[in-house]
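A.B. asks: Based on these hints, arrange chains B and C on the given structure of chain A.
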Amino acid sequence: MKTRCAVIGVGQTRYAARRDDLSLAGLVREAALRALEDAGLSWGDVDAVVIGKAPDFFEGVAMPEAFLADALGAVGKPMMRVHTAGSVGGSTAIVAAHLIESGVHERVLTVAFEKQSESDAMWALSPKYPFVPPLVAGAGGFFAPIVRSYMRRAGAPVEVGAMVAVKDRLAALKNPYAHLQMADISVAKVQASPMLWDPIRYLETCPSSDGACAMVLASERAAQGAPRAPAWVRGMAVRSEPAQFAGRNQVSPRAGRDCAADVYAQAGITRPREQIDVAELYVPFTWFEPMWLENLGFADENEGWRMTLDGTTALGGALPINPSGGVLSTNPIGASGMIRFAEAAQQVRGLAGAHQVDGARTAVGHAYGGASQFFAMWVVSSEHA
Amino acid sequence: MEGKQDPASPAEALSAPYVLAYTYRRSVGPVIGRFLTGLREGRIEGVRTAAGRVLVPPAEYDPETGAAVGDFVEVGAAGVVQSWCWVSEPRAGQPLDRPFAWALVKLDGADTAMVHAVDAPSPAAMRTGMRVCVRWRAERVGSVRDIACFVPDEGSGASEAPPMPPAEPVRGMLSPVHLEFTISPGATLSRFLEGVVEGKLLGRRCPACAKVYVPPKGACPTCGVPFGDEVAVSDTGTVTSFCIVNVPFEGQTMKLPYTYGSVLLDGADIPILHLISGIPADEVRMGLRVRAEWLPAGERRPTLESIRWFAPTGEPDAAYETFSEHQ
Amino acid sequence: MRDVAIVSFAASTTPHSNLDDVEMLAPVIHEAIESSGLARREIGFTVSGSCDYLCGRPFSFLMALDAASAWPPISESHVEMDGAWALYEAWVRLQIGDIDAALVYAFGKASQGDLNAVMATQLDPYYLAPLGVDAECFAALQARAMLDAGRCTERDMAAVAARGRRDAGLGAASADELLRAPYKLAPLRAHDCPPVTDGVAAVVLVAGDRARQLHKRPAWIRGIDHRIEAPSPGVRDLTRSPSTALAARAAGVGRAKVDLAEIHAPYTHQEIIVREALGLDASVVINPSGGAPGAHPVMSAGLIRVGEAARRILDGSAQRAVAHATAGPCLQQNLVCVLEGEQ
Chain A
1 MKTRCAVIGV GQTRYAARRD DLSLAGLVRE AALRALEDAG LSWGDVDAVV
51 IGKAPDFFEG VAMPEAFLAD ALGAVGKPMM RVHTAGSVGG STAIVAAHLI
101 ESGVHERVLT VAFEKQSESD AMWALSPKYP FVPPLVAGAG GFFAPIVRSY
151 MRRAGAPVEV GAMVAVKDRL AALKNPYAHL QMADISVAKV QASPMLWDPI
201 RYLETCPSSD GACAMVLASE RAAQGAPRAP AWVRGMAVRS EPAQFAGRNQ
251 VSPRAGRDCA ADVYAQAGIT RPREQIDVAE LYVPFTWFEP MWLENLGFAD
301 ENEGWRMTLD GTTALGGALP INPSGGVLST NPIGASGMIR FAEAAQQVRG
351 LAGAHQVDGA RTAVGHAYGG ASQFFAMWVV SSEHA
Chain B
386 MEGKQDPASP AEALSAPYVL AYTYRRSVGP VIGRFLTGLR EGRIEGVRTA
436 AGRVLVPPAE YDPETGAAVG DFVEVGAAGV VQSWCWVSEP RAGQPLDRPF
486 AWALVKLDGA DTAMVHAVDA PSPAAMRTGM RVCVRWRAER VGSVRDIACF
536 VPDEGSGASE APPMPPAEPV RGMLSPVHLE FTISPGATLS RFLEGVVEGK
586 LLGRRCPACA KVYVPPKGAC PTCGVPFGDE VAVSDTGTVT SFCIVNVPFE
636 GQTMKLPYTY GSVLLDGADI PILHLISGIP ADEVRMGLRV RAEWLPAGER
686 RPTLESIRWF APTGEPDAAY ETFSEHQ
Chain C
713 MRDVAIVSFA ASTTPHSNLD DVEMLAPVIH EAIESSGLAR REIGFTVSGS
763 CDYLCGRPFS FLMALDAASA WPPISESHVE MDGAWALYEA WVRLQIGDID
813 AALVYAFGKA SQGDLNAVMA TQLDPYYLAP LGVDAECFAA LQARAMLDAG
863 RCTERDMAAV AARGRRDAGL GAASADELLR APYKLAPLRA HDCPPVTDGV
913 AAVVLVAGDR ARQLHKRPAW IRGIDHRIEA PSPGVRDLTR SPSTALAARA
963 AGVGRAKVDL AEIHAPYTHQ EIIVREALGL DASVVINPSG GAPGAHPVMS
1013 AGLIRVGEAA RRILDGSAQR AVAHATAGPC LQQNLVCVLE GEQ
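Chains as they are written, first to last, in the working numbering: chain A, 1 to 385; chain B, 386 to 712; chain C, 713 to 1055.
Because the hints were derived from the structure by calculation, they are not lab data. Relax, there's no trap hidden among the hints.
Distance condition first, Cα-Cα at most 30 Å in a straight line; then the derived DSS-like pairs of lysine-lysine:
1) C:Lys896 / B:Lys491
2) A:Lys2 / C:Lys928
3) B:Lys585 / B:Lys640
4) B:Lys640 / A:Lys189
If you want the ones that stay clear, here's a sample from chain B, every Cβ over 10 Å from chain A, calculated:
5) Gly423
6) Arg425
7) Ala436
8) Arg438
9) Gly455
10) Gln479
11) Leu481
12) Pro484
13) Ala617
14) Ser619
15) Leu680
16) Ala703
Bear in mind that the values here come from a model prediction, so they are computed numbers and not experimental data. Heads up, the beta-carbon is just placed ideally off N, CA and C, and yes, glycines get one too.
Extracted from the complex, chain A is given alone in its bound form (with noise of 0.2 Å):
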């Protein structure tokens, strides 16, 4: 029967647009002996690895979790690897905890990382290919288009997404891990910067990093030894949905919605914006925010850019969406989901630092990927049941 799950261990590395000093083999590791260190364990106490990337192509290593199995204390154990696009640092997680709850491990190391660096985004992610258009530039260029038809349905102010931009690196200043520090961030500054995928401006887009995050879950036995603060796994859930079919909503998909009703019936939420304290949401540009307030329920449809308009999704707001910064702040893509995740735990642990939301006990984690058709979501509580 369902065991409970906990996290009781968070590694982070530092994150860059170069981590030059470091073997990809070397960038996980950095981020697992953080998060074993953090839980209190060696590696001789892991019983499983569950490791998560975007395409093998940014470092054109084809499965490369073959080759890390030294670094991440694997031989003779059980060790998998997880690909669901950009929601993989999610789902990798969730593959993770469920290794806990059907009681089939103690103690599960999991770890998502991406080193952007050895290639080119843009390229690995829309290589030229027969018999297809060369029509789409990267993920900005796919997603526009679903943002202008955001901007169209919910008569959003332009000035909203700027806004999102400059909230998320703000906070990303409280965040020493974070990528991108821009003190110096504004609205004036954003809306001057470069239309690169008309109407997503450069400084609206998330960077290109290198890093790797990495997380401890533990049964509830095994987390009794935690010498931290654990943060228990209350409800999650992953959807998905074909990426293009007659009459989708692509603004907001339904794989998004049952994902969140899913998580929140399993945590036993019923009004989300009042119940849930802080929510890590997988925000690549800046729309995604009141996008994604509205596809999880936070807001009525049409109506999330509000929240972001009069402060509520700020650190000190109501209801605060990405204190780390977020993804428009670091964005290793197969980490990033992971990231949310490990971000939302944090916050219930007590634990994030000069971007803690006080009080928070109970976090909300999210993570989408492909053409918003994947979508991994998980509830963590400072609280047990």
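C.D. replies: Coordinates of chains B and C only, in the frame set by chain A:
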């Protein structure tokens, strides 16, 4: 118009060559970097584990325990073949362009074996347990290829590596990947693209949900069943959303800026992505009515690039309600 | 652990297909679900295995999802691994107890590229990739190590190929006849190496009483485990597979008599290594499906081993079967699954 040909039969599937090529810029970290620096200087170094084993080439972490590795240890440039195989037809990019052996070589002073090529005259000259020594490259850059190969040890051992001028420690390497493919778009898309060559846009209707997909897919995404009847759709449609691209990227072939949009063709239930042209970028709008501008018949190939772009028809814009479900 | 069984299996393999992944998968998934007796809405979890490098394009699993009718949205995940590991993930998911059925599928078209060159991109990028060495070279080094250690002969290897080809319906050449062929990569001959194959497979897993309702003889998963070894072939004893032995012990292979084993051994000598690591005696029927010498669709070959073992429980021709899957060069990572019929 309903097609007569059985749309499920994979008549003549198309195919095209595809090359995945990229030169990765790797950072190597302290352990690999020191090993590669040593090779450039004509020296082979391993690392010692807590249990006292000497790993060559040096692993960054102990393969048995996962622990960090300890001190560097210089090992010999000659050793013993532990296993080997014979390559009678070398491929481009391998260490030798004549038949050679791959071998696992345990260097003197090492406890593990490294993989490299052995330049032997024939398989008869190879045996497990034989001694081999390094043949250094004269010009070395900090790569496992600084060892040109191993050669059978005639008793004199490895010769000294020719000296290289001093340089900064190795921190990175270039790593080219080049893979060649022959890609088939599958039977359904092949049939559609044959229609494109003829200037036709042939959608397919799902027998379960009755929606018309252009281009059709291998199965209906919502129903999971193969598509049924072929349905010709119009080459006019409505722009449901769009993006103006101003950013250059590696491998990009389009001139900047360009506008592409989701075009819901009349008669189709799903939009296609294509270029929007014949109108200033800042006048493109949702609801704009557009028509395909085809390449001349002789220039059309089995790709949607046979439509140069979609350009305004001059009709009044479509009302938002007519396409709001398609974005 | 909760009782979980395989109730249906379908696969399709061919040396080269002009169909795309979705066209190959959709009928196979349909067949697996139809023959399970489940309604699609009863499937609570879907998980697949594939590798983007086989087609050289990111997100191949994204496009393949069109074959799985993911609408309304489904609970779904993907491993960049052989489908046997997707099956493991599904088995874990079913242990939690809130859902009763899962669909597992795997796909890959190896014929689109130079498979050895493609799989070489899995090797250590610092020490091995620059040499132009590939997985087949490692298999050959491993085969030589087996021959040198006296653990097998070239004739033993040919016998594995002859049996596999016969059982797969590819001809009745004897081991001695096969040995007349020249070396491909000495000591490997062509018959020691897997054929390039395009293929897909699907398996339906169902828990507890629902499985008993659906099938009079479900193939119960009585044990399943997987382990990995160090990546560098130079630090391993290539003639042994300790990860297979560990997984076999954890899965309980030795607890009772085994009727048959489906072993995923891409190269002939690897069957001998795995068979020994599994602790199987001479009475065990090996690879009645033909195994890798018959067809070797990368990314589904391991899942097919599990499916083929289950097939013989489902049809009553075996009571207890072992399935094995492998990944990585020189049997680096191994999964073992024990299946049993109702007593």
